[in-house]
Amino acid sequence: MNDPDTRTTSAGNGSEVDAVAAAAADAHGLSQRIEVPDHGDRIQPAAPAEVIVSIRDVSVAYGGNVAVKDVSFDIHRGEVTALIGPSGCGKSTLLRCLNRMNDLIPSARVGGEILYHGQDLYGPDVDPVQVRKVIGMVFQKPNPFPKSIYDNIAFGPRVLGMKGDMDQIVERALRRGALWDEVKDRLKENAFGMSGGQQQRLCIARTLAIEPDVILMDEPCSALDPISTHKIEDLMLELKQDYSIVIVTHNMQQAARISDCTAFFTVEMDEADERKRHGRVVEYDTTERVFQNPADPRTEAYVSGRVG
Amino acid sequence: MSLDRLQPGGSARTQLAVVGARSTTLTAQNGGDKLKGNLFYALLLLAIAFALAGLTAIVVQAFVKGSPALSTHLLTDPPSAIADRAGFRPAIVGTLYLIVGVIFLVVPLGVGAAVYLEEYADRTRWWNRLVELNIQNLAGVPSIIYGILGLAFIVRGPLDLGFILAAGSLTLALLVLPTVILASREAIRAVPPSIREGSLALGATQWQTIRRQVLPASIPGILTGVILAISRAIGETAPLLLVGAATFVTFNPSFFSDDGYTALPVLIFNYATRPQDEFRVLASAGVIVMLVVLLAMNAFAVWLRNRYEQQW
Numbered sequence: 001m002n003d004p005d006t007r008t009t010s011a012g013n014g015s016e017v018d019a020v021a022a023a024a025a026d027a028h029g030l031s032q033r034i035e036v037p038d039h040g041d042r043i044q045p046a047a048p049a050e051v052i053v054s055i056r057d058v059s060v061a062y063g064g065n066v067a068v069k070d071v072s073f074d075i076h077r078g079e080v081t082a083l084i085g086p087s088g089c090g091k092s093t094l095l096r097c098l099n100r101m102n103d104l105i106p107s108a109r110v111g112g113e114i115l116y117h118g119q120d121l122y123g124p125d126v127d128p129v130q131v132r133k134v135i136g137m138v139f140q141k142p143n144p145f146p147k148s149i150y151d152n153i154a155f156g157p158r159v160l161g162m163k164g165d166m167d168q169i170v171e172r173a174l175r176r177g178a179l180w181d182e183v184k185d186r187l188k189e190n191a192f193g194m195s196g197g198q199q200q201r202l203c204i205a206r207t208l209a210i211e212p213d214v215i216l217m218d219e220p221c222s223a224l225d226p227i228s229t230h231k232i233e234d235l236m237l238e239l240k241q242d243y244s245i246v247i248v249t250h251n252m253q254q255a256a257r258i259s260d261c262t263a264f265f266t267v268e269m270d271e272a273d274e275r276k277r278h279g280r281v282v283e284y285d286t287t288e289r290v291f292q293n294p295a296d297p298r299t300e301a302y303v304s305g306r307v308g
Numbered sequence: 001m002s003l004d005r006l007q008p009g010g011s012a013r014t015q016l017a018v019v020g021a022r023s024t025t026l027t028a029q030n031g032g033d034k035l036k037g038n039l040f041y042a043l044l045l046l047a048i049a050f051a052l053a054g055l056t057a058i059v060v061q062a063f064v065k066g067s068p069a070l071s072t073h074l075l076t077d078p079p080s081a082i083a084d085r086a087g088f089r090p091a092i093v094g095t096l097y098l099i100v101g102v103i104f105l106v107v108p109l110g111v112g113a114a115v116y117l118e119e120y121a122d123r124t125r126w127w128n129r130l131v132e133l134n135i136q137n138l139a140g141v142p143s144i145i146y147g148i149l150g151l152a153f154i155v156r157g158p159l160d161l162g163f164i165l166a167a168g169s170l171t172l173a174l175l176v177l178p179t180v181i182l183a184s185r186e187a188i189r190a191v192p193p194s195i196r197e198g199s200l201a202l203g204a205t206q207w208q209t210i211r212r213q214v215l216p217a218s219i220p221g222i223l224t225g226v227i228l229a230i231s232r233a234i235g236e237t238a239p240l241l242l243v244g245a246a247t248f249v250t251f252n253p254s255f256f257s258d259d260g261y262t263a264l265p266v267l268i269f270n271y272a273t274r275p276q277d278e279f280r281v282l283a284s285a286g287v288i289v290m291l292v293v294l295l296a297m298n299a300f301a302v303w304l305r306n307r308y309e310q311q312w
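Protein sequence lines correspond, in order, to chains A and B. Counting along the first sequence from 1, when you hit position 6 you're at 6 in the working numbering, and nothing is skipped either side. Counting along the second sequence from 1, when you hit position 308 you're at 308 in the working numbering, and nothing is skipped either side.
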């Protein structure tokens with residue numbers, strides 16, 4: 001977007017390492033760069049995108065075990081930010097900090113700052129319930145409530161005491177979630193009767209109904225077939241006009257297809273204790289640079305499919 | 001049928017593996033294993049036959065012995081010294097009142113305690129673990145101990161309610177409370193964490209999540225606990241005797257009057273200990289009446305449970 005280097009957190013010397021990694025990859029003949037499709041809107045933006053969430057030196061520990069360490073990057077308005085990396089590198093842990101879902105785990109400790117419009121989400125006066133009203137979340141496995149489709153959508157607006165005609169709120173959310181045409185005749189039926197892909201879109205629509213600012217998605221397509229995945233990806237590209245989306249994904253093609261910026265996480269050994277591991281962000285940049293011209297050899301190795 | 005069609009393709013090693021796997025599945029079990037399996041199956045059948053036989057014997061015995069006395073006047077007449085005119089009306093009404101009182105006390109207390117233990121209590125604190133351990137143990141405490149407790153603390157002592165029906169309800173409620181707490185905890189625990197997370201992620205508070213997601217989803221399990229509790233409470237005699245259930249009451253009881261009250265098992269016990277044969281027949285008929293009352297209450301609870309039943 002604007003100057004890409006300002007977004008790079010990696011301290012590595014870009015061009016030199018890059019060349020070595022590329023040479024190594026070519027020698028093995030295994031390297032396959034993933035094409036990043038052009039979204040058009042990413043090239044030459046009129047103004048630098050507004051920073052909506054700023055993650056600064058965040059570390060998360062469960063009990064004494066550090067899960068993810070010293071993470072810093074920004075999330076911009078109207079963009080999809082992808083978090084990629086091998087299993088156990090703390091992507092989901094970090095994502096769950098962004099709407100304070102980690103509060104549900106008593107042993108979790110969060111250090112550093114997560115600034116949402118400049119306000120620290122972990123500040124002493126911040127109510128996690130209020131945070132979750134503006135930063136919604138969609139989970140890995142579709143988790144509709146054991147209620148009707150209508151009540152699934154209406155639950156959020158009802159508990160938040162939203163004013164207005166509930167039928168309209170539900171219809172608007174289902175339309176935005178690209179589900180209205182499929183379910184408009186069976187709103188009173190149990191949500192468990194829907195297919196997995198429909199259930200996940202219901203969960204997205206449920207989040208949209210409370211009109212959040214940011215939507216967090218934790219591997220939203222990992223339990224879905226390719227067609228449902230495709231529908232949800234289309235939906236995300238459409239939703240990013242109005243919402244900022246952060247998605248954790250193991251599918252690198254997916255990250256390349258839908259995200260504007262990508263943070264690559266990896267697992268590192270602890271310096272003091274070899275048995276302990278923690279996650280760290282190796283590289284954060286525009287998706288194009290992460291996939292086409294990564295600064296760090298570890299990113300190169302991961303996105304080209306040589307490891308992980 | 002040609003075997004060729006069944007031959008797998010692939011390398012020699014694959015073929016060998018497939019042939020090996022097939023031969024394993026097709027070989028019969030050896031004699032010893034089969035015998036052990038059959039023996040175990042026979043033991044299981046024996047266990048269930050024994051349990052069913054005991055149950056059938058009691059019911060058949062009650063029906064055979066009690067059927068001569070079965071008539072509607074059992075339901076409408078008060079007890080009497082004359083066997084022909086003796087009925088169970090005050091006892092039936094007393095038992096119904098007792099159970100209604102138990103339900104009103106035990107459902108909010110039991111569900112409340114279960115919600116606290118499952119959703120709010122910090123397991124790392126020793127006092128919460130102590131409470132958990134004690135509730136499990138309390139479920140096995142003999143009922144007579146609750147009777148003495150009721151006499152000392154409810155009828156007399158701090159509450160000083162006197163020998164009234166409400167004191168009986170309170171004592172029985174304490175007796176079955178652990179059952180309801182344990183069953184409710186199981187039901188609450190069975191609600192998947194993903195439901196709670198989904199609700200909280202929408203900005204619902206913890207209480208809203210419990211009230212609108214967790215409790216509605218655990219109603220069937222909670223009702224199962226209530227059914228078990230009613231079934232136990234309805235048959236209890238010993239604690240009731242201690243907290244004032246009289247054996248011979250000819251008028252319908254009320255919750256708070258100290259005129260005395262009685263319950264079905266107490267009156268059955270009274271009739272069964274009388275010397276005349278007619279009263280023993282009456283006692284058997286009373287057992288039938290009690291079974292019918294119990295089944296009617298449980299049928300209602302089961303119907304209620306099935307209305308809320310859902311699968312994940």
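Keep in mind that the hints were calculated from the coordinates and are not lab data. All residues carry an ideal CB built from backbone N, CA and C; glycine is no exception. Please note that a few of the clues may not be correct.
As the list claims (entries may be wrong) - Facing chain A, according to a computed beta carbon distance under 7 Å, are these residues of chain B, among others: (1) A204; (2) A301; (3) L304.
Claimed, not checked - To give an idea of the chain A side of the interface with chain B (calculated C-beta under 7 Å), a few residues: (4) R132; (5) S148; (6) G161; (7) M162; (8) K163; (9) M166.
As the list claims (entries may be wrong) - Beta-carbon label-pair distances, calculated as ranges: (10) N38(B) to R275(A): 25 to 33 Å; (11) D273(A) to W303(B): 42 to 50 Å; (12) G64(A) to A12(B): 49 to 57 Å; (13) S87(A) to L46(B): 48 to 56 Å; (14) E189(A) to R123(B): 37 to 45 Å; (15) N306(B) to E189(A): 39 to 47 Å; (16) A57(B) to M166(A): 52 to 60 Å; (17) N137(B) to G64(A): 46 to 54 Å; (18) R123(B) to S87(A): 47 to 55 Å; (19) R307(B) to N65(A): 42 to 50 Å; (20) Q241(A) to V100(B): 58 to 66 Å; (21) D127(A) to R123(B): 18 to 26 Å; (22) M166(A) to V18(B): 55 to 63 Å.
Outcome of the hint check:
1. Given the 7 Å rule on beta carbons, the hint for A204(B) holds: about 4 Å separates it from the nearest Cβ of chain A.
2. A cut of 7 Å between beta carbons decides the hint on A301(B): the least distance to chain A is about 21 Å, and the hint is violated.
3. Given the 7 Å rule on beta carbons, the hint for L304(B) is violated: about 17 Å separates it from the nearest Cβ of chain A.
4. For R132(A), the interface hint holds, the least distance from its beta-carbon to any beta-carbon of chain B being 5 Å, beneath 7 Å.
5. Because the closest C-beta pair between S148(A) and chain B is about 12 Å apart, greater than 7 Å, the hint is violated.
6. Annotation: interface hint on G161(A) violated; nearest CB of chain B at approximately 10 Å, more than 7 Å.
7. Taken as an interface hint, M162(A) does not check out: its beta carbon lies about 10 Å from the nearest beta carbon of chain B, beyond 7 Å.
8. The criterion of a C-beta within 7 Å of any C-beta in chain B is not met by K163(A), whose closest approach is roughly 15 Å, and the hint is violated.
9. For M166(A), the interface hint is violated, since its Cβ never comes within 7 Å of a Cβ in chain B; the closest pair sits about 15 Å apart.
10. At roughly 50 Å, the beta carbons of N38(B) and R275(A) sit outside the given window of 25 to 33 Å.
11. Hint check: D273(A) to W303(B), Cβ distance near 59 Å, so the stated range 42 to 50 Å is violated.
12. Under the hint 49 to 57 Å, the C-beta atoms of G64(A) and A12(B), about 53 Å apart, fit the expected range.
13. About 50 Å separates the C-beta atoms of S87(A) and L46(B), a value consistent with the hinted range of 48 to 56 Å.
14. Here the CB-CB span from E189(A) to R123(B) is close to 39 Å, well matched to the stated 37 to 45 Å.
15. For N306(B) paired with E189(A), a C-beta distance near 19 Å fails the hint of 39 to 47 Å.
16. With their beta carbons about 59 Å apart, A57(B) and M166(A) fall inside the hinted range of 52 to 60 Å.
17. For N137(B) and G64(A), the Cβ-Cβ distance of about 34 Å falls outside the hinted range of 46 to 54 Å, so the restraint is violated.
18. For the pair R123(B) and S87(A), the supplied restraint of 47 to 55 Å is violated, since their beta-carbon distance comes to about 28 Å.
19. Separated by about 46 Å at the C-beta atoms, R307(B) and N65(A) satisfy the suggested range of 42 to 50 Å.
20. Between Q241(A) and V100(B) the Cβ separation comes to about 59 Å, which falls inside the hinted range of 58 to 66 Å.
21. Take D127(A) and R123(B): their Cβ atoms lie about 25 Å apart, and the range 18 to 26 Å holds.
22. At roughly 59 Å, the beta-carbon separation of M166(A) and V18(B) lies within the given 55 to 63 Å, and the hint holds.
Checked against the numbered hints listed earlier, the structure breaks hints 2, 3, 5, 6, 7, 8, 9, 10, 11, 15, 17, 18; every other hint is satisfied.
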